[in-house]
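Chains as they are written, first to last, in the working numbering: chain A, 1 to 676; chain B, 1001 to 1315.
Read the hints as simulated data drawn from the structure, not as lab findings. Beta carbons: idealized from backbone N, C-alpha and C, even for Gly. Any given hint might turn out to be false.
[To be verified] So the derived list for chain B, only partly shown, Cβ under 10 Å to chain A, looks like this:
no., residue
1, Asp-1186
2, Thr-1213
3, Ser-1256
4, Pro-1257
[What the hints assert, rightly or not] Chain A is nowhere near these chain B residues, computed Cβ spacing over 12 Å in every case:
no., residue
5, Glu-1063
6, Lys-1085
7, Thr-1153
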Amino acid sequence: MIAFILSALLSVDSISTPSHLIDEVVVVSAANEGRKRSAKGKVASIDEHLAELSHVNLVRRGSYAWEPVVNNMQIERVSTTIDGMKIFYACTDKMDPVTSYVESSNLQSILLNSGLNGNPQSTGNIGGSLDLKLKKVGFSPLPAPSNSPLGEGSRPDGSSPLGGIRGGLSSGYETNGHVQVYGVDASTSSHWFYANGGAFYRHADNYKEGGGRKVSFSQFRKVNAFINLGLRLTELDVLEGTFIYDRATNVGYPALNMDVSKAEAFITSLAYRHQFDHPVLNTWETKLYYNHITHIMDDTTRPDVAIHMDMPGESWTSGLYSLLTASKGSHDVQVNYDLYYNRLFADMTMYPGGAAPMYMVTWPDVGTLNTGVALSDLVSLPHQQSVKLSAKIAQQWQKLNNEEGYHALRVFFPGMKDHYVQTTGRIAATYTWQPSHWQLSFGAGWGSRAPTVTEAYGYYLNNTFDQYDYIGNPRLKNESAIELNGAITWRPSAHFSLGADANTFLFSNYIIGQFENRLSAMTVDAEGVKVYGNLSHATIVNTSLNAQWQALPWLTWNGKVSYAAGRDDDQDPLPLISPFAYASNLDVKWKRLQTRVEVRGNVRQTDYAPKYGETQTDPWAIVNLNTTYTLPLRQTALTIRAGIENIFDKRYSTYADWCDIPQKGRNVYVNLAWEL
Amino acid sequence: MKTKVLMLFLAVASLGLTSCNSNDDETGIVIDGIDLSQDVDCCSAEEALQVYKFIQTVKIIPELSTTVDDKYEVWAYSKTGTLHKGYNDLYFVVTKKKTGNYVKFFDITSITPLMHMVKMDMWHSTPVGGNFEVFDTTRPAVKRGWVSLLMNTSDAGSWQFSYNIEVLGSKGGVQNKAINVDALPDGQEWLKSFKVGDDTYYLSLVNPTDWKTGNNTIQAYISKKNNPATTPYGLATETFTIEIDPRMPDMGSHTSPDNTPLVKQKDGSYQGNINLTMTGLWRIHLTVKDTKGNIVAGGDDLKDGFSSLYWDVTL
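Same shape as in the complex, but just chain B:
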């Protein structure tokens, strides 16, 4: 695994770095702007390279990025550098200002998106994932979590975000930072809710934009609304099964075979399989059942014979 990757923006600077970096001789890895000297808090050269490669695939969210104690830079990322309605993966990376290397040990807590509803002058939060955690051990300095935003920013309301961070004993964070939440394009509906008694649950579909024609893993989370609503909504503790019936409304409700229901995984998410026979708009009709097999949401027959609870995904 001695990958020799040279990413040189400034050849001179890199030469300068290599001359005073004992690691280079061993691994041959050079990353512009990062001092890869041994630092127990930070990544090794190989790990740093993996982190560096990863952050090329995502974009910085400036509103959620900050500095801690003037020693650490905190970088927040999403796929597009913006947020949209529904499920969003968020990634955090912390760099030491002095060396530019990625810090391995930090904690992001209490991430709290809040929406201000203008008309009623009320505040509510939204489903969020639990802790931000390392999701790939080859790049231990990247932590991932998610938020699933109930609405997009509009005249009706706007969002602000808060979170706390602790980096190697230093504390910081972002408080009530306004941030725009984009609407999804037509033909995309990734967040739906249902009620059981007085409880409201949210069905967040994870990253359907990664889907392709053929067989795909379908992943979702079920969150439960909190009381008070200004506390972020955690995962529902109950266990459900989500049955899916993907249809193409523009193609006479054409469907695909061998779709499997989403069932609860150890990590709290729900996973199943969905087959898509072509690109275009797929309406995934949902039937949510409890552990006894009773229908708790969806599964009703509208005039066209499909559940009124559905996600829309356009490939």
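With the rest of the complex left out, here is chain A:
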């Protein structure tokens, strides 16, 4: 659990998140030396930014909407929030993790809390919690602005050629798949008001795997527009609003049997923040939010479809949170109350040639009302020691609003009810000691999560990973885990560091699909049916070693290896656990030019899970080359990023590539960002 401190960056973030409460940050839209960021800069996709986080892997079902996996746990065990707002994906096949409904240009940074030490708004975050921080230009300080918020390719001086309005243009092109990215943004800021917004367009054709073969159905197109507004009511009171519209169309999923014709999200919020002039109380923020997702699958462009089907899904969430921060003596305290109501509905209509359509409700319009109280305290102790404590308790009420879906599920669970109540909680503590040249930390926690709607009420959801139809189980018990973690870093000089960290999650009632031979599959060609069940116990362990050496002022080397393992109650491997992975890069810096050569790879996946339908993944290694050059142009700055990914055009797929779809082959990219 290495804390990446990011005070400089977050000072311009209009919501002050104490950086010491966060495990890891990836910067999306600001230039900031020494911080994690994608080599492709601002034009990189959200998925490419997420890939920079060291506890994160990404499950790929195509070239769009990758599913973040934290500590080798998929999104069931990870909380994802946008600026603290709850949002739930609308696809029964997980084609749209909520990270796919924002664009890089919307974001300031992505914050990761590993494990149970979640951010205040997160619930069910056994593996970790991601908070996508929106990019808000913020108010200018008094007196008149002289120091601008840091943006990519910040202007050499503080003034702007456009007077009070600042703008930015960005564009990118990638040869593999003819990826085109165009972005524009603008902002204005005064002491009393700020506004920033932008629009983004991203387009990709089918990409080519290593060796040059085209991967069909890997195209996508996406538009995104956003605006953030801030109004200072008094010196201590602020009102902020956000609106994001995101729409992806014609999205191919080569790993699945269907594509997506439309995935659309509206995300809005209104927040009121009060800054206290008080010895103990710091800030109090209350945010109201609403978001709506529509997701429409489409198989009409696929050849040889056995049965054409329509599979739309919708998700509505509205909620609020209220966060109070205070500090007294050695304590930094956060108290958060949150409440949200989410509705998930999905159905499926199949059209066999000539016969009557077949209809089923796959998510029975489940309404979830969830409310919780979270508390965290960072206690600074003498001798560079600190203790971080966090806890949350939440209660949720679920109701199945769709009669047809409810009666269909009752076929399998005759005793089930149409409403359920669950209570979940988490508590975690981390102790950190930072004597000179060392940083040591260890922590422990316990937390539980309620089953997801898919796990509890999903109906014949076909999983192409193992070719089984999955049926939810309303009788599932909450899953819980004990987490133990520790990290050590040795930094004998400013030029060298060596670190190791490890965590383990000891699960009770681990939720996973279990064979049900009694039932017959629905999907043509499916192997059979699985019903979600609780395993009495399971274990996931993650370890990593990393080193950094700045050999010369212009030359830095980084290296990292990681190993993870997962076991079920029979000591058999769990699926989708990363094999031994390594990455090493060399950074060369010369004047305005930065170059990075990177090697990354996985060894053969020996610990795969045939029991859960997983096949072994072969070892792979690729080499990437990235360069960045910043060109000052009068009062503006132009940043050019170019590189070659997978230089040797290797054909490979990782363990997290759904159905072993191959990764991109050689790809040359050029990205431009111009700040006005």
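Following the hints, position chain B against chain A.
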């Protein structure tokens, strides 16, 4: 239960009725066109209201409706006002012409559907339920029975119906009245037959259109062909068990769990439970067994492994 329901088509007429009807003050029930005065032969106001409500849910079959002695109107109903191949519920209601109220005591007997087979110039009947009886005591003036029609009207043949009725001593009925029998839409096969030795039996599936996704009661009758065939076929006196295996032919023969066989009930029908996981075409493969557990029909394995004896139901 003092439901106050006003169904006024003509406010003036209703006012006229209420003024000379002593019952109204008591129950507040007014039904347009019906004189609800005390009449031992007819329904009370509450019963009449229940009958009235019921007949709003069904439609008159004009061909089978008639008058008796110019005193009573006999109304025949089915769900759609028409008949179709397979099982049909039939309802009879008799009204007094004078008051419009529903008569509680009447008997429908000898209902005889006959089909004329054009090519062979032969006649045969079809499975029918026993007597027409009151099936819901809250509406004692509605009598129900059923017919299960072997074929629909076509160039091959046509149907005619006869029945006798006795209302409070007056006799009447319908004789050899031609009536159309509709075919069922594609994906619906509710009547199947099987042979044991020289005997022919018919399996009539009752009203599958009421089914919904989820758990449903499945009901059927087993009738036995008569000799001569022009006599309506009554229920088979033997006891069978009908095992069911519902499959979706369009979904790779997907099936559902926990279906229970149809077993004989006191009323002579067979009942079991069927689970349907979605809408669409369900082919319910049948295995008919006798009391000793011997297979008497179906249960054979075709190439696809399912019984060749089946009902089709499309939800």
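Results of checking the hints against the structure:
1. Asp-1186: Holds: closest Cβ of chain A sits about 8 Å from B/Asp-1186, inside 10 Å.
2. Thr-1213: B/Thr-1213 check passes; min Cβ-Cβ to chain A is 5 Å, inside 10 Å.
3. Ser-1256: holds (6 Å)
4. Pro-1257: Holds - the Cβ of B/Pro-1257 comes within 10 Å of chain A, reaching about 6 Å at its closest.
5. Glu-1063: Answer for B/Glu-1063: holds, closest chain A Cβ roughly 30 Å.
6. Lys-1085: Its Cβ never comes within 12 Å of chain A, the nearest being 18 Å, so this holds.
7. Thr-1153: holds (24 Å)
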